[in-house]
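Based on the sequences and whatever the hints tell you, model everything.
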Amino acid sequence: MLNYIMYRLLLMIPILIGVTLVVFVFNQLIPGDPVDFLVDIDATEEERAWVRNYLGLDEPLFTQYYIWMSNLLHGDFGVSVTKQADVLYLLLGALKNTAILILVGGAMAFLIALIIGIFSALYPSSIATSMANILGISTVSIPNFWAALMLIGLFSVTLGWLPTSGMITSGKESSTADFLMHLVLPATVVGLTTIGTMTRIIRSTFVDLLKQDFVLTLRAKGQGQGNILMHVFKNGLPPVLVIAGLEIGSLLGGSVITESIFNWPGIGKVLYDAISQRDYPVIQGGILITSFMFVTVNLIVDVVHGFVDPRIRKSLKGGA
Amino acid sequence: MKYILSKKLGVLLIVAILIFIVGCTNDGGANPSASVPEVDSKSDTKNDSGSDAKKGGTLIIGMTAAGLPALDTHSTQGQEGYRFVGFQVYDGLTRFDLTQGEREPDVVPALAKSWEAPKDGGVTWTFHLRDDVDFHDGTHFNADAVIFNLERVLNQEFEYYSPQSSAGVSSNAQFIESYEKIDEYTITITTKEPWSIAHVNLAWVFMGSPDAIKKYGNEEYLEHPAGTGPFKFESKIDGQELVLVPNEDYYGEVPKLDKLILKPMPEPSTRVAALLAKEINWAEAPAPDSVARLKSDGYEIITGVYPHIWRAYLNEVSEPIKDVRVRQALNYAIDRESMVNDLIGGLGTPSTQYVYEGHPWFNEDAIDYSYDPDKAKQLLAEAGYPDGFDTRIIIPASGSGHMWPIPMTQFIQQNFADIGVNLKIDVVEWPTFQQLSRADFVDDRDALGYAHGTPTVTMRNFRSTFHSQDSGNRGKYINPKVDELIDQAFASYDDDERNGLIKEASKIVTDEAAILFVVHDLNSRALATNVKGFVQPQSWFIDLNSVTVE
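These protein sequence lines are chains A and B, in that order.
1 is the number of the first residue of the first sequence in this note's numbering; add one for each residue after it.
1 is the number of the first residue of the second sequence in this note's numbering; add one for each residue after it.
Since the hints were made in silico from the structure, they are not lab data.
Backbone N, C-alpha and C fix where the C-beta goes; we use that ideal spot for every residue, glycine too.
Do not take every clue at face value.
Which residues of chain A face chain B? A partial, calculated answer using Cβ under 8 Å [unchecked claim]: (1) Pro31; (2) Asp33; (3) Asp36; (4) Ala43; (5) Glu45; (6) Val51; (7) Lys83; (8) Gln84; (9) Gly160; (10) Pro163; (11) Thr164; (12) Thr169; (13) Gly171; (14) Ile261; (15) Asn263; (16) Arg278.
Just the calculated beta-carbon pair ranges, DEER-fashion [stated by the list, open to error]: (17) A:Glu46 to B:Asp120: 26 to 32 Å; (18) A:Leu92 to B:Gln469: 47 to 53 Å; (19) A:Met181 to B:Glu159: 47 to 53 Å; (20) A:Ile137 to B:Gly346: 39 to 45 Å; (21) A:Ile142 to B:Asp495: 56 to 62 Å; (22) B:Asp495 to A:Leu92: 49 to 55 Å; (23) A:Asn3 to B:Lys278: 56 to 62 Å; (24) A:Asp76 to B:Glu180: 39 to 45 Å; (25) A:Leu92 to B:Asp426: 37 to 43 Å; (26) A:Trp161 to B:Asp495: 54 to 60 Å; (27) B:Gly384 to A:Ile137: 55 to 61 Å.
As a list, the in silico DSS-like pairs of lysine-lysine whose alpha-carbon atoms are at most 27 Å apart [stated by the list, open to error]: (28) A:Lys172 to B:Lys55; (29) B:Lys424 to B:Lys377; (30) A:Lys172 to B:Lys256; (31) A:Lys172 to B:Lys532; (32) B:Lys119 to B:Lys481; (33) B:Lys278 to A:Lys172.
Now the structure itself:
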């Protein structure tokens, strides 16, 4: 197991180096120029050339990459072109906000999916199950930006229960309650798609398990529904947890639009703004950090999977 | 053994994750910000009920900016940053008088109480500075402070030279050749060539406290800005809000508000929703389709002309466009009235010249491009295109000041189809747009041009659009007479004479249909009914000193 973790950790190095290369090259391929966001639209070519030189954008590509990488290895992610702030500082602040959003949104979605999924596996032909299926399909099919606008319209504008956007109420003392109120809508929207996908996976996993021989045996022995469910649950959880872990990636992706609509200062919004302003250091740093998170989450999921499922653990025992 | 070890490791991992989660949530709840701890934004926040101190209330503005403008002596986030942050926190030597909406704002004294323009072909301006001004950090403003700030943006050898600030103010400071301190409260500025609008450009060149910049350095200064403007910095939460409070020692009219809170809200729907939910009391640029709803709910929609034009540069070197009759035909073909009334809900006004009617440069004798498709067809036939032609236009998808490019261009497309001109629309993202438009029309000889919105505040904007020697003249419009008039205007230090010259040039460029005139933006904003005392000036910029919130 330890060997395996070591192996996976080492494997992260070439993956992340690959990411830096891809991000760097693609940054150069998109048309546009960060200089445009620093100088006036009427600026002369000389003014633009001077700023390019200051930003080091007139160096050969290889040199630019080399400078960026050597700074990275010293923990220096550079300075944002448009925000004039340290990139790592910007990104870590944003990452914290995104983490709150997707962990709360994901956890809520996972719980709802677990309840709906297991229920519909147990009672496949009830009306409640059909309703749950419709809900599941809707959450996957509804575009989350649309859902976001509808929820704002209903809960914020019409009913006035929840704030429309942001993390704080301007002009009021900030409090945890106020913050949680701001969290409800964006977290719901972020988790929406996950409800649908997770429900399907949980249901099919549990449907399969309920058909297994051990369930039949338990039934034959006269065990009650609750006891049977405990056994099924124990067997069904590992694969479901793995998928749930991998869902973090899609939650992260879905947060980009959600954060923009709800003005939530997370990493998705920071990246979105950086891309539309061609803020190269922020784009590069942001994607690198997001990739790092993704790879790390995958590693954790695999390790936890091994931990809860003895079969996997056994197969890993000999190392990689 | 191995098994136990890995089990322990697993437990450790899970505990670590839990700590991470709990840490995040707790921290986030207590202080949901990415800002530096020392800002300590909430500790001394007064209650919003306004029971203490003044009773001007708290004005909360939803800006169109994507983020908080930097608090340096230049503003980021485009001219929106200058509107709400730059011009509120800082002063230049001069400023625009934004307290009236009757006419174009005058340039009035700010940190300079008076100035003398050059005489007899000279190029040296003398500015007499105020002697009663302190920066927000308490240090005194004088000629040394002006020299320090000019050095900071113009002298690359200067210890506190800021490349960002330099880039930010370049277009308003590049005319400066040299500057000199004469005495404690007098300076001179020498221009590279005759530049009769130096005093206008200097309104954008802000003065920050030299002591604060020296003390904190160029980067840290952004967290401790000290200008001389009517508002001063109190606190900020990145991506969420910037809080400004009145500068009680302001030498002009001290703002009546208790507090000014600026929130970046780039999504129009977010701004409108926040306004309807009473989280903000001022929303910039509501979308046209939300105007009816806002009005019926009692919100005040404020509009007013100001120097801005949404137009298309026409590619004057390409085959059909280079014929003046074709360009005139295109200008006659657009039904501007129904575009502004039916499409954009009255948030713009028809443009038949570079400036709006009533502006000093508007020329009544020029051709009036009213909607006349028959005349357009006739002109096209005269030019040898009785069946029209195919062409292409490039527009940005969206962006500050560009209004609603896609529906507006589609509207033009239909108008053009009526006279046989088949217009293809290429929508690109703003950075791509800028890159393409800078490349002139190298690869696209068939292109009609580029359409987007820009402010037309100073004579420099006029020059950059129509002067053959200006790199901003994307359409390659060339007329020696226009060049001459513009050059004369830049050498004329008399306001009326200068405006007269540009007005004369304006007739020529209008008659020759140098660009496709479409609409002038109306600077729309929606205000809650309890916001009082705001005067919409004929400017992109605004004065908030007289505003109160009941």
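Okay, the hints, checked on the actual structure:
1. Proximity of A:Pro31 to chain B holds as hinted, the smallest CB-CB distance being about 4 Å (cut-off 8 Å).
2. Interface restraint check for A:Asp33: the shortest CB-CB distance to chain B comes to about 6 Å, inside 8 Å, so the restraint holds.
3. Hint on A:Asp36 holds. Least Cβ distance to chain B is approximately 5 Å, under the 8 Å limit.
4. A distance limit of 8 Å between C-beta atoms decides the matter here; for A:Ala43 the minimum to chain B is near 6 Å, and the interface restraint holds.
5. Hint on A:Glu45 holds. Least Cβ distance to chain B is approximately 6 Å, under the 8 Å limit.
6. Against a cut-off of 8 Å between C-beta atoms, the interface hint on A:Val51 holds, since the closest Cβ of chain B lies about 5 Å away.
7. About 7 Å separates the beta-carbon of A:Lys83 from the nearest beta-carbon of chain B, less than 8 Å, and the hint is met.
8. Using the Cβ-Cβ criterion of 8 Å, the hint placing A:Gln84 at the interface with chain B is satisfied: the shortest such distance is roughly 5 Å.
9. Checking A:Gly160 against chain B: minimum C-beta separation of about 6 Å stays under 8 Å; hint holds.
10. Below 8 Å, beta-carbon pairs count as interface contacts, and A:Pro163 has one with chain B at about 6 Å; its hint therefore holds.
11. Annotation: A:Thr164 was flagged as interfacial toward chain B, and the flag holds, the nearest CB pair being 4 Å apart, inside 8 Å.
12. Checking A:Thr169 against chain B: minimum C-beta separation of about 7 Å stays under 8 Å; hint holds.
13. Satisfaction of the interface hint for A:Gly171 is found here, the shortest Cβ-Cβ separation to chain B being roughly 4 Å, below the 8 Å cut-off.
14. A cut of 8 Å between beta carbons decides the hint on A:Ile261: the least distance to chain B is about 6 Å, and the hint holds.
15. At a threshold of 8 Å, the smallest CB-CB gap from A:Asn263 to chain B is about 6 Å, leaving the interface hint in force.
16. Nearest Cβ of chain B to the Cβ of A:Arg278: about 5 Å, under the 8 Å cut. The hint holds.
17. For A:Glu46 and B:Asp120, the Cβ-Cβ distance of about 30 Å falls inside the hinted range of 26 to 32 Å, so the restraint holds.
18. Roughly 49 Å separates the CB atoms of A:Leu92 and B:Gln469, a value that falls within the hinted 47 to 53 Å.
19. The beta-carbon spacing between A:Met181 and B:Glu159, approximately 48 Å, falls within the hinted interval of 47 to 53 Å.
20. Look at A:Ile137 against B:Gly346: about 42 Å separates their beta carbons, and that is inside 39 to 45 Å.
21. Between A:Ile142 and B:Asp495, the C-beta spacing of about 59 Å keeps the proposed range 56 to 62 Å intact.
22. Hint check: B:Asp495 to A:Leu92, Cβ distance near 53 Å, so the stated range 49 to 55 Å holds.
23. Between A:Asn3 and B:Lys278 the CB atoms are about 60 Å apart, so this pair conforms to the stated range of 56 to 62 Å.
24. With their beta carbons about 40 Å apart, A:Asp76 and B:Glu180 fall inside the hinted range of 39 to 45 Å.
25. The supplied range of 37 to 43 Å is met by A:Leu92 and B:Asp426, whose beta-carbon atoms lie about 39 Å from each other.
26. For A:Trp161 and B:Asp495, the Cβ-Cβ distance of about 56 Å falls inside the hinted range of 54 to 60 Å, so the restraint holds.
27. At roughly 60 Å, the beta carbons of B:Gly384 and A:Ile137 sit within the given window of 55 to 61 Å.
28. A threshold of 27 Å between alpha carbons decides the hint, and for A:Lys172 with B:Lys55 the separation of about 16 Å falls inside it, so the pair holds.
29. As the CA atoms of B:Lys424 and B:Lys377 are separated by approximately 19 Å, the hinted pair is consistent with the 27 Å bound.
30. Annotation: proposed proximity of A:Lys172 to B:Lys256 holds, straight-line Cα distance about 20 Å (limit 27 Å).
31. Proximity of A:Lys172 to B:Lys532 is assessed by CA-CA distance (about 21 Å); at most 27 Å being required, the pair is judged to hold.
32. This hinted pair checks out: B:Lys119 and B:Lys481 have alpha carbons roughly 25 Å apart, not beyond 27 Å.
33. Only pairs whose Cα atoms come within 27 Å are accepted, and B:Lys278 paired with A:Lys172 is accepted, the gap being roughly 13 Å.
When held up to the earlier numbered hints, the structure conflicts with none and fits them all.
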